[in-house]
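Take the given structure of chain P and dock chain Z to it, following the hints.
From first to last, the protein sequence lines stand for chains P and Z.
Going by our numbering, the final residue of the first sequence carries number 590, and the count climbs one at a time with no gaps.
Going by our numbering, the final residue of the second sequence carries number 1094, and the count climbs one at a time with no gaps.
None of these hints come from the bench; they were simulated from the model.
Each hint should be verified, as a subset may be incorrect.
[As the list claims (entries may be wrong)] With a cut-off of at most 27 Å between alpha-carbon atoms, the simulated DSS-like pairs for lysine-lysine come out as follows: (1) Z/Lys-1074 - P/Lys-342; (2) P/Lys-387 - P/Lys-542; (3) P/Lys-157 - P/Lys-57; (4) P/Lys-57 - P/Lys-535; (5) Z/Lys-1074 - P/Lys-157; (6) P/Lys-483 - P/Lys-57; (7) P/Lys-57 - P/Lys-80; (8) P/Lys-353 - P/Lys-342; (9) P/Lys-564 - P/Lys-535; (10) P/Lys-329 - Z/Lys-1074; (11) P/Lys-387 - P/Lys-564; (12) Z/Lys-1079 - P/Lys-329; (13) P/Lys-146 - Z/Lys-1079; (14) P/Lys-157 - P/Lys-146; (15) Z/Lys-1079 - P/Lys-157; (16) P/Lys-316 - P/Lys-387; (17) P/Lys-146 - Z/Lys-1074; (18) P/Lys-80 - Z/Lys-1074; (19) P/Lys-316 - P/Lys-329; (20) P/Lys-329 - Z/Lys-1048; (21) P/Lys-342 - P/Lys-329; (22) P/Lys-564 - P/Lys-542; (23) P/Lys-342 - P/Lys-157.
Here are the chains, one letter per residue:
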Amino acid sequence: MKLRKQLKTKIMQQSKLQNGASFTLTILQQFGVTDIFGYPGGAIMPMYDAIYQSEIKHYLCRHEQGAAFAAVGYARASSKVGVCVATSGPGATNLITGLADALADSIPVIAITGQVPTRAMGTDGFQEVDIISLSLACTKHSFQVKHVDDLHDCLSKAFEIATSGRPGPVLIDIPKDVQVAAVQPLSELTTVCAKQPTVAPKHALSKDLSNSIRQAADLIVSANRPVFYIGGGVGMSQSELALQQLMLVCDFPNVATLKGLGAVDYNNQNYLGMLGMHGTNAANLAVQNSDLLIVIGARFDDRATGKLNQFAPNAKVVHMDIDPAEINKRRRADVAVLADLKQSLPALVEQIKSTKNLANANDLDSWREECQKLRNQIHAYNENTSKGIFAPQLLNQLSQQLHQQTRPDFHVTTDVGQHQMWAAQHMQFTRPEQFISSSGLGTMGFGIPASIGAQISRPETVNLSVTGDGSFMMNIQELATIKRYQIPVKILLIDNSRLGLVRQWQQLFFEQRYSETDLSDNPDFVALAEAFDIKAEMINSKQQVEAALERMLSHQGPYLLQVKIDENENVWPLVPPDTANDEMMISVNQ
Amino acid sequence: MQNHTLEVTADNQPTALERLLQVTRYRGFLVTDLSVATSNHEQHLEIKMSVNQPSVDPLLDQNGIQRLYNQLNKLFDIKHVNLIENKLAKRQAC
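Next up, chain P with everything else stripped away, as it sits in the complex (with noise of 0.2 Å):
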């Protein structure tokens, strides 16, 4: 009795000064946060204790890898810093796909783990991990914060490396100890606070831009058969308006990558579609033919390019990227322009302005008119010959009552499989973060915690969550955090009872040796759905589908539409494993 005594007074009395959690917490509301996801547990205790009293609204999800999602979902919605929180152990690496998701999308969150006391650290205490080894290949820095006089400092380089430059994800790791620890108040700290940079940039960006630039602009007009191959790092930097200005310049041909989607209006005339494995024909065909890759914040992921050895073989390329790491990498630049694209864009768009040497319009003029002729046929194989719903019918007509909906915007989370393939290929999107997919790491489970940071992010839009029902259960305990705040998410679950993406390659590549793809006894979604007080319905025909999709963008809550689909229906087209991207499969008995 007399020990918790103690105990309490000792509380009391660190609570008239702000502790090393409290501190953090004022840190992070500097530097803008408003909202946070997170999980208690035994080692971030005094930093809860903190949130109980924060003016930064703290988010619970059911899962540290759900909290590490909403954080990637609310970043990528917005031009925000997306903030999770979670205990040491096993709290700590849940975070650790969500913050490899994040590492692989180029998206700036912050982590902040809990840690055992510094005096503990070392001797396999309960619930310890050396999560600093853990964070080593999933993070774009990490810190452990062994003295609360650090963290200011920690934190401060933690916002500026998580932003800076090709954006990714931090991990700090606060022991208990630093957490508690009393900390001089915050009133002689705020000189050097605020948002000064606290990272000198190490690299110059470009050691003679306008070098890069005048030799980029050079094979630029020269080119008689030029594609624009398109990445999400456009819409990273938000240089959308930049991308447009170059393409009133040169009206080429373009291509996006998954991640790319959207940063080029889908209306644009020249737009083809998205490249690469189950990209169009018309992208493929374009980039495969090509004599120049304008590469615009892309690294050449091998989904995008297929077989690497015969990508686009004559094609030469200027490659435009922030990051020095990607030119070279995978395929050779002709010309590299290492910089912002927000700098290099518009410097690009003047160059070929101020060029008198203007390309071969015939040449142009032929390519265009060849291109024109793949664009018209893109959707020309996508017959229906499900006699049930089919799923790229379904996305097109999701996607068009979107775009007609008076909200002001829209947000697509998708898991990952053939929903979120048919997603990318039959929705339309207008800006790059109306999609938000986990691109690089092909993350279930990302969808619906993803839409969930998405809608905290941005209150005012549609958030719309496609689903599989193999991702729809990897963090399905997120519905009690839909729940729980109300959060209005409509949730399109497109249910084939398999794991689907694997089902069609066991079918194309594995002589039909359906293993562990049959997920024909999945729970009653429905139901579960509304065991967490979510509106839901299941639909299996085409007659119901327009006034279903109606009622569940008209519901002002959060809502769960199941759309069961034949179990066979496949992904077209298809690029083959270790396979040129001019080689793909349209049919299974292709």
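Structure of chain Z alone, referenced to chain P:
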């Protein structure tokens, strides 16, 4: 298999060396020699590291050391990377 030597200056942080080795391994290189000393009043680590690259893919092997150099140069703890031209390769070229 080609040998290369890198001289690296890093912040004297507990994770700097671990991070350097993790990236080196992940990017496909084996460490064959390593020496570490502190400098600048123990603020920095001076690391000299010899590596070689087992062949994986002829297309990707080309320029592999440059890719490792680029990836190491990105690390926050690492202040400077100097790629020393391989003396043996140079002699053979002569």
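Going through the hints against the structure:
1. Taken as a hint, the Z/Lys-1074 and P/Lys-342 pair is honoured in the structure, with Cα atoms around 21 Å apart against an allowance of 27 Å.
2. Between P/Lys-387 and P/Lys-542 the alpha-carbon distance is near 9 Å, which keeps this suggested pair within the 27 Å criterion.
3. Taking the CA atoms of P/Lys-157 and P/Lys-57, the gap is near 23 Å; set against the 27 Å cutoff, the hint holds.
4. Restraint check: the Cα-Cα separation between P/Lys-57 and P/Lys-535 comes to about 26 Å, which is no more than 27 Å; the hinted pair holds.
5. The straight-line distance between the Cα atoms of Z/Lys-1074 and P/Lys-157 is roughly 15 Å, inside the 27 Å bound, and the hint therefore holds.
6. The straight-line distance between the Cα atoms of P/Lys-483 and P/Lys-57 is roughly 17 Å, inside the 27 Å bound, and the hint therefore holds.
7. At most 27 Å may separate the alpha-carbon atoms for a hinted pair to count; P/Lys-57 and P/Lys-80 meet this at roughly 15 Å.
8. This hinted pair checks out: P/Lys-353 and P/Lys-342 have alpha carbons roughly 18 Å apart, not beyond 27 Å.
9. Proximity of P/Lys-564 to P/Lys-535 is assessed by CA-CA distance (about 17 Å); at most 27 Å being required, the pair is judged to hold.
10. Proposed proximity of P/Lys-329 and Z/Lys-1074 is supported: the alpha carbons are some 14 Å apart, at most 27 Å.
11. Proximity of P/Lys-387 to P/Lys-564 is assessed by CA-CA distance (about 12 Å); at most 27 Å being required, the pair is judged to hold.
12. Distance check on the hinted pair: Z/Lys-1079 and P/Lys-329 sit about 22 Å apart at the alpha-carbon level, within 27 Å; holds.
13. Simply put, P/Lys-146 and Z/Lys-1079 have alpha-carbon atoms about 22 Å apart, close enough for the 27 Å limit, and the pair holds.
14. Note on P/Lys-157 and P/Lys-146: the hinted pairing holds, with a Cα-Cα distance of about 15 Å set against a maximum of 27 Å.
15. Between Z/Lys-1079 and P/Lys-157 the alpha-carbon distance is near 15 Å, which keeps this suggested pair within the 27 Å criterion.
16. For a cut-off of 27 Å, the pair hint linking P/Lys-316 to P/Lys-387 is broken: about 46 Å separates their Cα positions.
17. Of the pairs offered as hints, the one joining P/Lys-146 and Z/Lys-1074 holds, with about 24 Å between alpha carbons and a cut-off of 27 Å not exceeded.
18. Among the hinted pairs, P/Lys-80 with Z/Lys-1074 is consistent with the structure: their alpha-carbon atoms are about 23 Å apart, no more than 27 Å.
19. Proximity of P/Lys-316 to P/Lys-329 is assessed by CA-CA distance (about 15 Å); at most 27 Å being required, the pair is judged to hold.
20. A threshold of 27 Å between alpha carbons decides the hint, and for P/Lys-329 with Z/Lys-1048 the separation of about 24 Å falls inside it, so the pair holds.
21. With a CA separation close to 23 Å, the supplied pair P/Lys-342 and P/Lys-329 stays within the 27 Å bound.
22. Straight-line distance between C-alpha atoms of P/Lys-564 and P/Lys-542 comes to about 10 Å, which keeps the hinted pair within the 27 Å bound.
23. At roughly 23 Å between alpha-carbon atoms, P/Lys-342 and P/Lys-157 fall within 27 Å of each other, so this suggested pair holds.
When the structure is compared with the earlier hints, a violation turns up for hint 16 alone.
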